[in-house]
Amino acid sequence: MKREEPPRAPPEPIAPERTDLRTIVAVGGPLLFTPTALALAQREWTVFGVPSLVIYVFAAWLLGILLTRLLNRGMRD
Amino acid sequence: MLASPLVLAVGGSYLALLFVIAFATDRLAAAGRGVGLFSPVVYTLSLAVYCTSWTFYGAVGTAVRSGLEFVTIYIGPTLVLMAWWVFLPKLVRIAKAQRITSIADFLSARYGKSRPVAVLVTLIAIASITPYIALQLLAISRSFSALVGEGADGADTGFWVAVAMCFFVCLFGTRRLNADESQPGIVAAIAFESVVKLAALLAISLFAVLLIRSGPAEGAAFADWHEAMRNVAAMPAERSVRWVILSTLSAIAIVCLPRQFQVTVVENRDERHLAAASWLFPLYLFLITLAVLPIAAAGLTHLPAGAEPDLFVLTVPLAEGVSALALVAFIGGLSAATSMVIVASLALAVMISNHLVAPELADRPSREATGLTAAVLFTRRVAIVVILTLGYLYSRASGADNGLASIGLIAFAGVAQFAPALFGGLFWRRANRFGATAGLVAGAAVWIVTLLLPSFGAGDGFVLVLRELVLTERMASGPGAVDPLVFGVTLSLALNTALYVAVSLATEGAAIDQLQATLFVDALHRGGPEPTLRRSVSRRDLYRLTQRILGPARAHAMFAEEGGTTDHQALDSAFVSHVEREIGYAVGAASAHTMVTRVATGEPLSVDAAITLLRETQDAIEAARHLGVRSVELERTAAELRTANATLTELLQEKDDFLSRVSHEMRTPLTAVRAFAELLRDGPADADRSARFIEIIFTESERLTRLLDDILDLSRLEAGIAPITVKRVDAASIVAASAAAMEGFAERNGVTIKIDAPAPVHVAADGDRLKQVLVNLISNAVKFHGDPPEVTVAVAAEEGAAVLRVSDHGAGVPDGLRPRLFTKFGAAWGANTRNGAGLGLAISRQIMVRLGGDLKLERSGPRGSTFTAVLPLDRTG
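As they're listed, the protein sequences go chains X and S. Here the first sequence stands for residues 1 to 77, numbered as in my numbering. Here the second sequence stands for residues 1001 to 1877, numbered as in my numbering.
Hints listed in this document are in silico derivations from the structure and should not be mistaken for laboratory results. Check each hint, because a few of them may be wrong.
Said to hold, decoys possible - Now the stretches of chain X that chain S is said to cover, found in silico as 3 or more residues with beta-carbon under 8 Å:
(1) 19 to 26
(2) 31 to 38
(3) 42 to 49
(4) 53 to 64
(5) 67 to 73
Claimed, not checked - Some but not every residue of chain S turned toward chain X, in silico, with C-beta under 8 Å:
(6) L1068
(7) V1071
(8) H1226
(9) M1229
(10) W1243
(11) V1244
(12) S1247
(13) A1275
(14) W1279
(15) F1286
(16) L1287
(17) L1293
(18) T1507
Said to hold, decoys possible - Across the chosen pairs, the derived CB separations fall in these ranges:
(19) X:F48 / S:F1378: 55 to 63 Å
(20) X:T34 / S:R1636: 46 to 54 Å
(21) S:L1390 / X:D20: 13 to 21 Å
(22) X:D20 / S:E1238: 32 to 40 Å
(23) S:G1215 / X:A59: 22 to 30 Å
(24) X:D20 / S:P1552: 36 to 44 Å
(25) S:D1156 / X:T19: 51 to 59 Å
(26) S:G1321 / X:A59: 30 to 38 Å
(27) X:L62 / S:R1636: 55 to 63 Å
(28) S:L1006 / X:D20: 16 to 24 Å
Every residue gets a Cβ at the ideal spot worked out from N, C-alpha and C, and that includes glycine.
If we strip away everything but chain X, and leave its shape as in the complex, we get (with noise of 0.2 Å):
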């Protein structure tokens, strides 16, 4: 008799010094958007004539998003 779904066999345990970096993404991420971390990058500089909170608020969420990929590669397949 089916009743549920076959349990699907458990995903591979990941790596312990790869779960550590997960958990530092998922702390430090909202430490870089924090209003103290922001008000750091309040600079005169620009490129472009971009100002730098915007350069810096992108660019860290560009590196969270790579982190991200990067640490659950392994976890798609």
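Using the hints provided, position chain S relative to the given structure of chain X.
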């Protein structure tokens, strides 16, 4: 400006395309093809239903009005997805296992399948989301008006879009009622819309970049785009609290918004998609947000000052005369709005039908071939119509005064009330329905008063009173006043969380609460069969119920799988739970549980059994955890037992030694007595010899008596029954008396006794017993006197005690003897056993202990020994 018919034609065609896509996808899925539909990319794109017209139009508006703050709405979800692995897999697994249909169903199931929780969540969701839907319709009508020029009635467009959406959702969202069949047509349409809105926004953004480089227009707000950009990038320090609150709200919204819960959790086909979406979706948000900046800058430098920033996306290409791009913008906005309307109205309709209506329907007899299914689906359709009607009416009623952002944020704050119960329920076993209900009620009440009512322009006075009550004077009003949104969100969430925790701690949930809590909290690491409530339900009763709700066909299929035909055969608990979940998919977990409970017999008892089982399991886990501790305790006990055993063996040995020594000691004098008595009996002897023999017999008998007296005395002392009369006595005079008594013995041994007792020392003691001790010590000292032949007896008061010392200059006590010096016969083990049987020191020690003092060997060496008796001073005199 564009011609109205053209815009309507393009918009209409776009909506028609959505129908085609959804229809084709449903056909493909029904035919078992279209596997690509369930790819991580489609899943990610369906999550992008997060980006509504509030994003498409409103983000630029917020950027122009409030600076960089607009990015918080997209950074919050990014930060949550960076930590996705903490809770998302758990959420999805629970939803699959429990056949969860909505966030209301999820919370209800977690909190003991409580119907009040389900109803409460549904009502909060309706109150939050209806204005949000209105916001989408408003955006469509306003964008239409902006596109075709003044005079055109945009509201009509809003109305017709609402009608089209109504058809769409009813057609593709309420076809079936089955947990295994999700809504592939809708998911595909949503994914397609996500592509359209991103592409449209990127196209306009690219156009804006090119436009900026061409130099500013006359009469614009900013002449220099650098200035405009600085304005957009502004982040005033006084708004940093608002920044944190907005980030938090959006982080919560990405899970708690009913439509997000729908696409993220309910429609998830594969847990592995979560990992992909964890970076793909933030990337989507990143691109959308990035596209906002140039559009805002272009609007500020090319549109007349005072132009509506919420419509820059549309008006920037329109002002430059690029009508095609303006049309693209309109379609992008339409896609953003319709995708939200579709998913949100579907999610709300499911909640309304499952938690508000179906429980009422369930009690009515149904003759339909499909049971309640048709009625439930009909309810959902009605609910969709009602929600969209309400949304449309709201959009007509509320003016266009408020920026798009404020309505969206109020909705975010409303659904944020689910967060404590949702996240707490995933990790906190103790949380129960009472805590959840209390938190939700309080949070929602504060939200309504501080945010929802003021958005209608009502209840401002009450908010003022509340602010004065909670905030300090400086924070309540004036230039440094707390932002109304910050105030409402903080107060509602704080109260919500506090009550949730406090009430959960103060109350105890029912058995079903505890069972569901375990199923949810341990969802990821549970092995073995799932624990279920032990219920005995007759097959016929459950079949009837299933038939009534799901129809005979489904009921038959389900029970055929179970096998067996006996009508009254009791069903096993796992199957009952399975049926309950299937029914729950139609009428919600809470009502399904109520209905199954009604047909289940003897449940109260079995619930207790289930809970006992649950407790036992928890106890077993606890026991395993404590096993380590216990084994350590056992080891310690074993060590104590070993020590006790060794002591006992030693005591036994001592007793044996004592007996053999006693027999030996008695044997010597008895042998002598017997031998001399025989001599006297056997032969006549001269009077001299006879007198000598009799003298020996007398001496030996005396020695024997003394020995027996000593043994008797010691055993009495040890048993604590020896008569001891404690009085106030002067230790110094007892020392003198003892020394005097031993004078003759000392003289015979050529020893002088020196007394060092300068002052009277009053002690509480038995004078005779104390003398007995001193005599014994002096006698020993005389026997082992050494050189010079001198024994010193001293008495002094030291540190609150009387200390009596008897010292000699002898060779000292041998090392091997010292541990047993004060035991029975301990002192007699040496070569010299001439006097006494060695019981003296043991008796003396016992006396001193009985007197509340002690006897020690203070010093012993080649140049003499000192025995010290200590007694408490008598302070009464």
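Against the earlier hints, flag every one the structure doesn't satisfy and list their numbers going up.
-> Violated hints: 16, 18, 21, 24, 28; rest satisfied.
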